[in-house]
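Enquirer: This is what each chain is made of:
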Amino acid sequence: MLPSVQKPIQYVGGELHATIKDWDLLPDDGTIRWALMYPDAYEVGLPNQGVQILYELLNERADTLAERTYSVWPDMEAVMRTHGIPQFTVDAHRPVRTFDVFGVSFSTELGYTNLLTALDLAGIAINASDRTDDDPIVIAGGHAAFNPEPIADFIDAAVLGDGEEAALRITDLVKQWKADGRPGGRNGLLNKLATDGVAYVPSLYDVDYLADGRIQRVTPNTVGVPWRVSKHTVMDLDQWPYPKKPLVPLAETVHERYSVEIFRGCTRGCRFCQAGMITRPVRERSITTIGDMVQGGIAATGFEEVGLLSLSSADHSEIGEIAKGLADRYDGENVSLSLPSTRVDAFNITLANELSRNGRRTGLTFAPEGGSERMRKVINKMVTEDDLIRTVATAYGNGWRQVKLYFMCGLPTETDDDVMQIADMAKRVIATGREAAGRKDIRCTISIGAFVPKPHTPFQWAAQLDWETVDKRLKALKAAVMNDKNYGKSIGIRYHDGRPSIIEGMLSRGDRRVGAVIRRVWEDGGRFDGWSEHFSFERWERASTEVFAGTPVSLDWFTTRERELAEVLPWDHLDSGLDKDWMWEDWQDAIREVEVDDCRWTPCYDCGVCPTMGTEIQVGPTGRQLLPLTPV
Amino acid sequence: MARQPDHPPPPPVVQWLAIRYAKRGRLRFTSHRDFARAFERALRRGGLPMGYSAGFTPHPKVSYLGAAPTGVASEAEYVEIGLAEARDPDDVRRDLDAALPPGLDILTIQAAAHRGLADRIDASYWRVELPNGEQPAVASAIERFLALETAPVDRLMKDGKRTVDTRAAVVGMAIARDGRSSDADAQWHGDNAPCAIIDMVVRHTTPAVRPDDVLTALRQAAALSTPVTPLVTRLAQGRLDEALPAPGELPRLADPLAPDAVATGLPPE
Numbered sequence: 000m001l002p003s004v005q006k007p008i009q010y011v012g013g014e015l016h017a018t019i020k021d022w023d024l025l026p027d028d029g030t031i032r033w034a035l036m037y038p039d040a041y042e043v044g045l046p047n048q049g050v051q052i053l054y055e056l057l058n059e060r061a062d063t064l065a066e067r068t069y070s071v072w073p074d075m076e077a078v079m080r081t082h083g084i085p086q087f088t089v090d091a092h093r094p095v096r097t098f099d100v101f102g103v104s105f106s107t108e109l110g111y112t113n114l115l116t117a118l119d120l121a122g123i124a125i126n127a128s129d130r131t132d133d134d135p136i137v138i139a140g141g142h143a144a145f146n147p148e149p150i151a152d153f154i155d156a157a158v159l160g161d162g163e164e165a166a167l168r169i170t171d172l173v174k175q176w177k178a179d180g181r182p183g184g185r186n187g188l189l190n191k192l193a194t195d196g197v198a199y200v201p202s203l204y205d206v207d208y209l210a211d212g213r214i215q216r217v218t219p220n221t222v223g224v225p226w227r228v229s230k231h232t233v234m235d236l237d238q239w240p241y242p243k244k245p246l247v248p249l250a251e252t253v254h255e256r257y258s259v260e261i262f263r264g265c266t267r268g269c270r271f272c273q274a275g276m277i278t279r280p281v282r283e284r285s286i287t288t289i290g291d292m293v294q295g296g297i298a299a300t301g302f303e304e305v306g307l308l309s310l311s312s313a314d315h316s317e318i319g320e321i322a323k324g325l326a327d328r329y330d331g332e333n334v335s336l337s338l339p340s341t342r343v344d345a346f347n348i349t350l351a352n353e354l355s356r357n358g359r360r361t362g363l364t365f366a367p368e369g370g371s372e373r374m375r376k377v378i379n380k381m382v383t384e385d386d387l388i389r390t391v392a393t394a395y396g397n398g399w400r401q402v403k404l405y406f407m408c409g410l411p412t413e414t415d416d417d418v419m420q421i422a423d424m425a426k427r428v429i430a431t432g433r434e435a436a437g438r439k440d441i442r443c444t445i446s447i448g449a450f451v452p453k454p455h456t457p458f459q460w461a462a463q464l465d466w467e468t469v470d471k472r473l474k475a476l477k478a479a480v481m482n483d484k485n486y487g488k489s490i491g492i493r494y495h496d497g498r499p500s501i502i503e504g505m506l507s508r509g510d511r512r513v514g515a516v517i518r519r520v521w522e523d524g525g526r527f528d529g530w531s532e533h534f535s536f537e538r539w540e541r542a543s544t545e546v547f548a549g550t551p552v553s554l555d556w557f558t559t560r561e562r563e564l565a566e567v568l569p570w571d572h573l574d575s576g577l578d579k580d581w582m583w584e585d586w587q588d589a590i591r592e593v594e595v596d597d598c599r600w601t602p603c604y605d606c607g608v609c610p611t612m613g614t615e616i617q618v619g620p621t622g623r624q625l626l627p628l629t630p631v
Numbered sequence: 000m001a002r003q004p005d006h007p008p009p010p011p012v013v014q015w016l017a018i019r020y021a022k023r024g025r026l027r028f029t030s031h032r033d034f035a036r037a038f039e040r041a042l043r044r045g046g047l048p049m050g051y052s053a054g055f056t057p058h059p060k061v062s063y064l065g066a067a068p069t070g071v072a073s074e075a076e077y078v079e080i081g082l083a084e085a086r087d088p089d090d091v092r093r094d095l096d097a098a099l100p101p102g103l104d105i106l107t108i109q110a111a112a113h114r115g116l117a118d119r120i121d122a123s124y125w126r127v128e129l130p131n132g133e134q135p136a137v138a139s140a141i142e143r144f145l146a147l148e149t150a151p152v153d154r155l156m157k158d159g160k161r162t163v164d165t166r167a168a169v170v171g172m173a174i175a176r177d178g179r180s181s182d183a184d185a186q187w188h189g190d191n192a193p194c195a196i197i198d199m200v201v202r203h204t205t206p207a208v209r210p211d212d213v214l215t216a217l218r219q220a221a222a223l224s225t226p227v228t229p230l231v232t233r234l235a236q237g238r239l240d241e242a243l244p245a246p247g248e249l250p251r252l253a254d255p256l257a258p259d260a261v262a263t264g265l266p267p268e
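Residue numbers (numbering that gives the first Met the number 0), protein chains in the order written: chain C, 0 to 631; chain H, 0 to 268.
Simulated from the structure, these hints should not be mistaken for lab results. Some clues are possibly wrong.
Computed spacing ranges between beta-carbons, pair by pair [claimed, not checked]:
| # | chain 1 | residue 1 | chain 2 | residue 2 | range |
| --- | --- | --- | --- | --- | --- |
| 1 | H | V61 | C | G622 | 39 to 47 Å |
| 2 | C | G331 | H | K157 | 35 to 43 Å |
| 3 | H | R161 | C | D74 | 50 to 58 Å |
| 4 | C | G362 | H | A110 | 52 to 60 Å |
With a straight-line cut-off of 30 Å between C-alpha atoms, the simulated BS3-like cross-links for lysine-lysine are [what the hints assert, rightly or not]:
| # | chain 1 | residue 1 | chain 2 | residue 2 |
| --- | --- | --- | --- | --- |
| 5 | C | K376 | C | K244 |
| 6 | C | K474 | C | K484 |
| 7 | C | K244 | H | K160 |
| 8 | C | K439 | C | K426 |
| 9 | C | K6 | H | K160 |
| 10 | C | K474 | C | K426 |
| 11 | C | K474 | C | K403 |
| 12 | C | K20 | C | K177 |
| 13 | C | K323 | C | K376 |
| 14 | C | K6 | H | K157 |
| 15 | H | K60 | C | K20 |
Which residues of chain H face chain C? A few of them, derived with a C-beta cut under 8 Å, are [unchecked claim]:
| # | residue |
| --- | --- |
| 16 | R40 |
| 17 | P57 |
| 18 | T69 |
| 19 | S139 |
Positions of the beta carbon are idealized from the N, C-alpha and C atoms, including for glycine.
Construct the entire structure; sequences and hints are all you get.
Expert: As structure tokens, this is what we get:
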């Protein structure tokens, strides 16, 4: 069967550090079995940190086994349907349906149709209400789980926030339920998960709507189920140094490096950024734990690149010492260090120079996000154009040849002129860069994405810009850049059309009524919507029109409509800790172009997370240093 | 003047190691690029003093010899590596084997002052297992194939369709005496029912004639039926012994790691 499909290696498992355990670890079916899925192709899913962390953590338990499964490409799906082969795990090739828990991690809403493919191939009923006691409990996690309402029909539960402690807690609850003789069947277990507070169980909540289509209220329909479900926050990351032994695939994947999360959370306060809002507060991993993890990770994997991950890596209180310490340790060993997500300031060039000591100086990436000074005030990205130009000049002066700049189009209050200023900025970058480098062969690439308003951010009330206007602005920008005689050839411009973002917008801020659209699209052949060659806007548009016919809601209603403070949002009963009044204030500040500081270095501005969640900011400096490694 | 790397040139290679490895079970789906990535990481994990190329992007000194196709198992794949410090080949064999996933297994390593494996390999010994294949039908297909003057097969390549003459490349083909599959990975192939086994020695040509090309010829020209996907394994590679084989035997291959010995096509223990 496998010889007939593309890249068969992605379906066979056998990665270094993959774990295959006996099906029965304990007598009397006492074993707790997790199938973990990243709902995208293997090459994208395998490197996912969340899945790898839970995989390792769960397999460390003597009473638990965890295996992985990924989305199969359409050629493989066809072969599997022809031969009656169910969705299987890559580790031991076991059918997903035979596991106790089927955990699916969603980084993006565009993976929803892939969930339906996996359920259907697995032989698990697509609608949660049709499932039997023989089916696993289907649990969604990842950032998209902060509004799982559009997939409420298809999942049994959702976990909000950090997964480490929650997965272990769920394992304990499943274990106890099995040991007790499965009281109440699958509903008994779901009740238990809900009343414990570890997970959100959509079927235990009723949603009522107003005549105009807005939500009237969301209420628990079962005694003991909490009105609001809170996110999980892991404190003291030094206690959770995972992954220790990351999977090393044979197949080629999108990230081929050992990644260490150097801190979790971000309080920069960028108003568009869902990740920064839902992962608060900032919790740093200490310099010594980071050093130990890098040392162990390289020894265990043989990767040549180490990524220091976080939402804004240069903000670690000891990033300078970390970069220098690691560069010293691996001097001359062909190990390169990378630092994704850096902010725009000169300090980062020193840092980048340090990190590239063992490698090449190719490209540096910055994300001003907004093209004009005004726009950057609206989104609270506190960087002036002069800062940016100074930073870029230093970069070119230090031998860097290429700078990439990330922007968004379609931000609240944006005008045509705000977008055109991206071109002016790029030209200034090249002019300054040529001067600083003393040569003309430098390049600048601008990459632009369409903005999608996300739940649990101050922009959750904003109207999403229609895709026609987004496309018009980007086309005008491209023409302005390309037609410039002096600079046009030195500037590259990359963007996608605005239509997938509209669908992402509906899936992000939609409610339970969107589920029928997802199902219709999937039945119509929708797969891999995150891939432009598979995505079909027409299919989504057609399904929305059909499903919403005769109702007050529509694709536009979910996307380009601005919401009022009084409206009940579909995710209001899911608690990210952010105070709704604070978020509204911040939304109003955005419109007034008022900025807000980072609470790591300035007093608390009462976003609400720490008191609500019982958490605190955990940052250094520890004052410790990385000692040189001595060969044993 | 061309830009020069600002680091000193790497130390020279002092020892070449010729390595024979196997690609087994489900890892037969490893492509040559997949293997190269896994192997170079294993070199790093094994802490070997690799020689590197000079230049802006130093590459470890590794040369791969023509890999068995993706999906084809092998007991006889070869690769050569250059070390900047000499090492005991037995230690390297142990460390590298431990650093590779089970299924990619290091079999033997031999040290040399220069690289030269490519000159000692010009043919492969392949074993094809046909699940549910019937011995008499397979035997007659082989007979018909061997009686052909030419057996052209079309193959789709990156640059379009090419025709290869499979008959010219096949220097020997016979039905194996033992008719039981060696495949322990029953997950992918169902039961281990008796099957017909074809052994063949195929000369390395350009473009290469692969075992599935020969199977295509057997189907097209000799009416062989293969309802279930055949399992193909490369058992040996080496230099073809031009002496005529004894009647009923396949031509012999000289073992590239021990040119005086004969690679019989039997898996090493």
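Enquirer: Take the hints in turn and mark each one as holding or not.
Expert: Status of the hints after comparison with the structure:
For the hinted restraint 39 to 47 Å between H:V61 and C:G622, the CB-CB distance of approximately 43 Å keeps it satisfied. Between C:G331 and H:K157 the beta carbons are some 39 Å apart, a value that agrees with the proposed interval 35 to 43 Å. Checked against the hint of 50 to 58 Å, the pair H:R161 and C:D74 fails, with Cβ atoms roughly 24 Å apart. The beta-carbon spacing between C:G362 and H:A110, approximately 42 Å, falls outside the hinted interval of 52 to 60 Å.
Restraint check for C:K376 and C:K244: the C-alpha separation of about 42 Å exceeds 30 Å, so the hint is violated. Of the supplied pair hints, the one linking C:K474 and C:K484 holds, its CA atoms being roughly 18 Å apart against a limit of 30 Å. With a CA separation close to 45 Å, the supplied pair C:K244 and H:K160 exceeds the 30 Å bound. Proposed proximity of C:K439 and C:K426 is supported: the alpha carbons are some 13 Å apart, at most 30 Å.
A C-alpha spacing of about 21 Å is found between C:K6 and H:K160, which places the hinted pair at or below 30 Å, so the restraint holds. Between the alpha carbons of C:K474 and C:K426 the distance comes to roughly 17 Å, so the proposed pair stays at or under 30 Å and holds. Distance hint between C:K474 and C:K403 is fulfilled; the C-alpha atoms sit about 19 Å from each other, no more than 30 Å. Taking the CA atoms of C:K20 and C:K177, the gap is near 20 Å; set against the 30 Å cutoff, the hint holds.
Between C:K323 and C:K376, the direct Cα distance comes to roughly 33 Å. Violation of the 30 Å bound is thereby established for this hinted pair. Our distance criterion of 30 Å between C-alpha atoms is met by C:K6 and H:K157, whose separation comes to about 16 Å. Of the pairs offered as hints, the one joining H:K60 and C:K20 is violated, with about 37 Å between alpha carbons and a cut-off of 30 Å exceeded. Interface restraint check for H:R40: the shortest CB-CB distance to chain C comes to about 3 Å, inside 8 Å, so the restraint holds.
At about 6 Å, the closest approach between the beta carbon of H:P57 and any beta carbon in chain C falls short of 8 Å, and the interface hint on this residue holds. Below 8 Å, beta-carbon pairs count as interface contacts, and H:T69 has one with chain C at about 7 Å; its hint therefore holds. About 26 Å separates the beta-carbon of H:S139 from the nearest beta-carbon of chain C, more than 8 Å, and the hint is not met.
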